[in-house]
Amino acid sequence: MSRLDLRGLRAPEEDAAQERSWPAVRDAFAARERVPRRLSRRRGALALAAVAAVGVAATPPGMAIAGYLHDRVVRDTPRPTVPAPLATRTPGRLLLTTGAGVWVLRGDGSGRLLGRYTSATWSPNGRFVAVIRDNALYAVEPATGTVRWPLVRSGALRDVRWAPKDGFRIAYREDDDLRIVDGDGTRDRLLARAIGAAPPAWRPGTHVLAYDAGGGIVKVVDVDRGTTGSLPVTGRVRSLLYSADGRRLLVATTTGLLVLDPATGAPPRLLSPAPTAIATSAGAPADVVAVLAGGRVRRVALDGSGDRPVATVPGATEVAWSPDGRTVLVPDPARDRWHLVDAVTGADRTLERIGERLDPDGLGSASFPAIGGWCC
Amino acid sequence: MRRARDGDGDAFAELYRRHFAAVYRVAFLVCHDAAAAEDIAQEAFLAAVRNLDRFERGRPVRPWLARIASNRAIDWVRARNRRAESDLDEVPASEAVPDAAGDALTLIARLPAEQRQVVALRFVLDLTPGEIAALLDLPRGTVNSRLRRGLDALGASLGERT
Numbered sequence: 006m007s008r009l010d011l012r013g014l015r016a017p018e019e020d021a022a023q024e025r026s027w028p029a030v031r032d033a034f035a036a037r038e039r040v041p042r043r044l045s046r047r048r049g050a051l052a053l054a055a056v057a058a059v060g061v062a063a064t065p066p067g068m069a070i071a072g073y074l075h076d077r078v079v080r081d082t083p084r085p086t087v088p089a090p091l092a093t094r095t096p097g098r099l100l101l102t103t104g105a106g107v108w109v110l111r112g113d114g115s116g117r118l119l120g121r122y123t124s125a126t127w128s129p130n131g132r133f134v135a136v137i138r139d140n141a142l143y144a145v146e147p148a149t150g151t152v153r154w155p156l157v158r159s160g161a162l163r164d165v166r167w168a169p170k171d172g173f174r175i176a177y178r179e180d181d182d183l184r185i186v187d188g189d190g191t192r193d194r195l196l197a198r199a200i201g202a203a204p205p206a207w208r209p210g211t212h213v214l215a216y217d218a219g220g221g222i223v224k225v226v227d228v229d230r231g232t233t234g235s236l237p238v239t240g241r242v243r244s245l246l247y248s249a250d251g252r253r254l255l256v257a258t259t260t261g262l263l264v265l266d267p268a269t270g271a272p273p274r275l276l277s278p279a280p281t282a283i284a285t286s287a288g289a290p291a292d293v294v295a296v297l298a299g300g301r302v303r304r305v306a307l308d309g310s311g312d313r314p315v316a317t318v319p320g321a322t323e324v325a326w327s328p329d330g331r332t333v334l335v336p337d338p339a340r341d342r343w344h345l346v347d348a349v350t351g352a353d354r355t356l357e358r359i360g361e362r363l364d365p366d367g368l369g370s371a372s373f374p375a376i377g378g379w380c381c
Numbered sequence: 006m007r008r009a010r011d012g013d014g015d016a017f018a019e020l021y022r023r024h025f026a027a028v029y030r031v032a033f034l035v036c037h038d039a040a041a042a043e044d045i046a047q048e049a050f051l052a053a054v055r056n057l058d059r060f061e062r063g064r065p066v067r068p069w070l071a072r073i074a075s076n077r078a079i080d081w082v083r084a085r086n087r088r089a090e091s092d093l094d095e096v097p098a099s100e101a102v103p104d105a106a107g108d109a110l111t112l113i114a115r116l117p118a119e120q121r122q123v124v125a126l127r128f129v130l131d132l133t134p135g136e137i138a139a140l141l142d143l144p145r146g147t148v149n150s151r152l153r154r155g156l157d158a159l160g161a162s163l164g165e166r167t
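Residue numbers (this note's numbering), protein chains in the order written: chain A, 6 to 381; chain B, 6 to 167.
If you're looking for bench data, these hints aren't it; they were derived computationally from the structure.
Honestly, I wouldn't trust all of these hints.
Derived CB-CB ranges, DEER-like [claimed, not checked]:
#, chain 1, residue 1, chain 2, residue 2, range
1, A, T355, B, A18, 48 to 58 Å
2, B, P117, A, R15, 17 to 27 Å
3, A, D113, B, E19, 51 to 61 Å
4, A, G288, B, R22, 52 to 62 Å
5, B, D58, A, T322, 43 to 53 Å
6, B, R7, A, P237, 51 to 61 Å
7, B, A18, A, R15, 41 to 51 Å
8, A, D229, B, F60, 24 to 34 Å
9, A, R230, B, R7, 36 to 46 Å
10, B, D58, A, N130, 21 to 31 Å
11, B, G146, A, D187, 30 to 40 Å
12, B, D157, A, N130, 46 to 56 Å
Derived list of chain A stretches under chain B, where covered just means 3 residues or more per stretch with a C-beta under 8 Å from a C-beta of chain B [stated by the list, open to error]:
#, region
13, 26-33
14, 193-207
Ideal Cβ placement from N, Cα and C applies to all residues, glycine included.
Chain A with its partners taken away, still in its complex shape:
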């Protein structure tokens, strides 16, 4: 080679890459062009939102942008609050996803509908919420619903998880790919392709992420350093969760609840039969709460020293544990009811008509809520 001339070079996949990337870039531009500057003039913004909604609402990306516009424009509008009977009377705030969107519910029963989102996660200190609608990820303020930044992708998004260390990393799924974006919405990048169905889990205090790689493999990766470990498990992975102290990784599979210690590489220990859901709490770092067959909810010691019943709620498939470790919330969707169980005494208090109370329009658009997190 006597002379280097790369001007005529074509890289592999060039045309296809250009075509695939365009929808996300175009949608981001559409969001950008209609949102800024005009927000201070409320009337103009409302007119703009109406025009934009007509223009873009016909496609899934369009719906995402239209929703984004809606939330930006009406962010100062008072949102419905939940009647006091839904008060959990516990510290912290619940993040709930219903058919109407994502709610933030405080212990005193007051709440706010953040917008028509389908998945949500708290930032580490509860200052922000990351939410998903269609092919867009947003960071919003929980008190006002104000959108801080959007990230528009081309595929369908779900399973968003905010790293509990410092808020600097967010993991989410785009179709079957696992991606990472910084907490300010920048440096979006691919972490792994063709991952399994279970949502990923961050190790507390780190930027280490555990994810279901499929085929009975759980991978643990430091998303900053790139170092990776592989942990084989038996059965299909249902959910992943770290203990609140970050020492152990809990893997709920179709064969049982396994506890793994990635640091020592010790063989996995079986803690219980296959759970349908698990939850941990910073207030009780030595235990995990698991929902087993028949709706039996048990509190299990992570060191394998024993377990004890918390409640039995037939049909239960989900569980949440309050940040102070005192209250276990067991949803009963068949009866539109929540059980709030004292984690120590087992005292059970029920709240009724949950989905109905979270229906802001009274039009039946809300469904029984899924719990996206229980934060400070």
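Dock chain B against chain A, hints included.
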């Protein structure tokens, strides 16, 4: 650029059509992974969208996009190199390259990422060493030495283009 900044979607689409290929090529030359290059090029344009209002009037767009892409491609290469120590199967294999460009691409792939970056900016975008230095905020001597080492390794002479 001015029309795109003012919200003209057609103008932005034209800007994308005009510059995507070059930005993608720069990213690919640095990271040699088609999937990563696609993500990086897309992210460069998304960054451009976010920063349109702050873009200086009269400044050329393509080098600005290429700087974003090449810097992120270098970050990607560094992350991949760190990861390779523990789990090579996680590293996506490089895509096969077309025959016509195969020799150049194969040779360039053997250079360190920093040399690939300046080679790509010099010979894909036709930037001068001075422009590259300004773009990457590097001393001009550093750019020249990286270019020279890269071209020496490629077996190419600087010829009339340096």
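Tested hints:
1. A/T355 with B/A18: 48 to 58 Å: holds, 56 Å
2. B/P117 with A/R15: 17 to 27 Å: Holds, since B/P117 and A/R15 (Cβ atoms, about 24 Å apart) stay within the stated range.
3. A/D113 with B/E19: 51 to 61 Å: Hint holds: Cβ distance 54 Å, inside 51 to 61 Å.
4. A/G288 with B/R22: 52 to 62 Å: holds, 55 Å
5. B/D58 with A/T322: 43 to 53 Å: Because 47 Å falls inside the window, the suggested range holds.
6. B/R7 with A/P237: 51 to 61 Å: holds, 57 Å
7. B/A18 with A/R15: 41 to 51 Å: Check failed, 21 Å falls outside 41 to 51 Å.
8. A/D229 with B/F60: 24 to 34 Å: For A/D229 and B/F60 the Cβ distance comes to about 30 Å; the hint holds.
9. A/R230 with B/R7: 36 to 46 Å: holds, 42 Å
10. B/D58 with A/N130: 21 to 31 Å: holds, 30 Å
11. B/G146 with A/D187: 30 to 40 Å: holds, 33 Å
12. B/D157 with A/N130: 46 to 56 Å: With Cβ atoms ~52 Å apart, the hint holds.
13. 26-33: As far as the region 26-33 of chain A goes, the hint holds, because 6 residues have Cβ atoms under 8 Å from chain B.
14. 193-207: holds (count 5)
Hint 7 alone, counting from the list given before, is not met by this structure.
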